[in-house]
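*Asks:* Sequence:
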Amino acid sequence: MTILVTGANGHLGKLVVDALLAKKTDQKIAVTTREPEKASELAARGVEVRFGDFDDPSSLKKAFSGVDRLLIISTDGDNETRIRQHGNAVQAAQDAGVGYIAYTSIANASKSNLSLAEVHRATEAAILKSGIAHSFLRNNWYLENEMGFIQAAKAGAPIVTSAGQGKVGWALRSEYALAAANVLSQNTPTKNIYELSGPLATYEDLGAALSKVLGKPVTVQLVEDGAYAKGLAANGFPSFVVDFFVGAAESIRGGALAVESNDFAEVLGRPVKSLSESLKELIA
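If you read the sequence shown in my numbering, its first letter stands for residue 1, the second for the next number, and so on.
Any given hint could turn out to be false.
[As the list claims (entries may be wrong)] Have a look at the derived ranges for each label pair, beta carbon to beta carbon:
1. Val241 with Glu277: 25 to 33 Å
2. Gly10 with Asp95: 18 to 26 Å
3. Ser185 with Gly97: 16 to 24 Å
4. Gly226 with Gly46: 52 to 60 Å
5. Ser40 with Asp68: 22 to 30 Å
6. Thr219 with Val241: 18 to 26 Å
7. Lys212 with Gly46: 35 to 43 Å
8. Gly97 with Ser211: 50 to 58 Å
9. Lys230 with Thr188: 47 to 55 Å
10. Ser185 with Gly156: 43 to 51 Å
[To be verified] Each computed BS3-like pair below joins lysine-lysine, with the alpha-carbon atoms no more than 27 Å apart:
11. Lys212 with Lys280
12. Lys216 with Lys273
13. Lys111 with Lys191
14. Lys38 with Lys23
Calculated from the structure, these hints are not laboratory results. Note that CB positions come from ideal geometry on N, CA and C, so glycine has one too.
Whole structure, please, built from the sequences with the hints as guidance.
*Replies:* Set out below in structure tokens:
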């Protein structure tokens with residue numbers, strides 16, 4: 001069986017490949033990247049490196065040839081670009097005769113009001129329309145997304161957010177990667193949707209856990225959206241980034257990431273690491 005992972009040079013892609021290789025099975029592992037020369041380390045470990053550009057559908061069709069199971073890792077960019085690129089990948093998978101697609105989506109994608117969710121709804125719809133067997137890996141929120149807050153806290157600054165008491169299912173990127181590898185390696189993938197949510201916690205909980213790990217007080221300031229936007233702008237963030245952060249905080253405050261599910265633990269075969277455990281690992 002051949003498993004192919006897109007975005008091999010990205011943070012998540014590398015971790016998924018690591019997790020697949022660690023299984024030491026007879027599965028053939030392949031990856032796509034726009035820059036194969038930067039994946040020489042993977043090639044040295046026995047991974048087949050194929051050129052694939054999400055803006056070049058013909059390259060994707062060629063790259064996906066002979067693939068049994070495909071992991072499409074969502075790309076970066078604006079929503080319009082990502083939707084187009086993901087559509088190219090799904091069509092290429094269909095044209096190449098791929099038997100199964102796993103796709104890295106977002107929590108509660110079909111109903112979420114997060115701005116990012118538009119991309120994932122469109123991609124999930126394209127996969128459904130293709131008729132290809134699939135699993136949507138609805139990743140909640142990478143703890144690594146909070147590195148700005150974590151670095152600020154280490155320097156003695158407060159965590160400032162307008163997310164209020166909104167809950168987040170944080171987990172390390174490495175745990176999401178392991179979950180993806182486990183799903184791809186199943187004898188027969190059994191679920192179409194995996195809501196991969198870590199233990200739900202608020203930003204105040206994050207601050208308390210971080211305080212414990214750092215061994216010093218960490219202040220969390222819950223502010224209104226306007227004050228949050230002004231603070232971000234004062235720290236030099238461009239307006240489109242400010243809008244994204246404020247919009248995300250507003251959605252989190254409204255419960256967009258407060259998804260309770262046992263899927264993550266079931267796929268991992270163990271409980272998801274606690275917030276404190278994950279923070280220790282992240283800042284070690």
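*Asks:* Now tell me if each hint is right for this structure.
*Replies:* Now the hints, each set against the structure:
1. Val241 with Glu277: 25 to 33 Å: 30 Å, holds
2. Gly10 with Asp95: 18 to 26 Å: 24 Å, holds
3. Ser185 with Gly97: 16 to 24 Å: Because 21 Å falls inside the window, the suggested range holds.
4. Gly226 with Gly46: 52 to 60 Å: Given a distance of about 54 Å, which is inside 52 to 60 Å, the answer is holds.
5. Ser40 with Asp68: 22 to 30 Å: 25 Å, holds
6. Thr219 with Val241: 18 to 26 Å: 23 Å, holds
7. Lys212 with Gly46: 35 to 43 Å: Given a distance of about 41 Å, which is inside 35 to 43 Å, the answer is holds.
8. Gly97 with Ser211: 50 to 58 Å: About 53 Å separates the Cβ atoms of glycine 97 and serine 211, which means 50 to 58 Å holds.
9. Lys230 with Thr188: 47 to 55 Å: Holds, since lysine 230 and threonine 188 (Cβ atoms, about 53 Å apart) stay within the stated range.
10. Ser185 with Gly156: 43 to 51 Å: At 44 Å between Cβs, range holds.
11. Lys212 with Lys280: Between lysine 212 and lysine 280 the Cα gap is close to 10 Å, so the pair holds against 27 Å.
12. Lys216 with Lys273: 22 Å, holds
13. Lys111 with Lys191: 19 Å, holds
14. Lys38 with Lys23: 24 Å, holds
Figure legend: structure checked against the earlier numbered hints; every hint is met.
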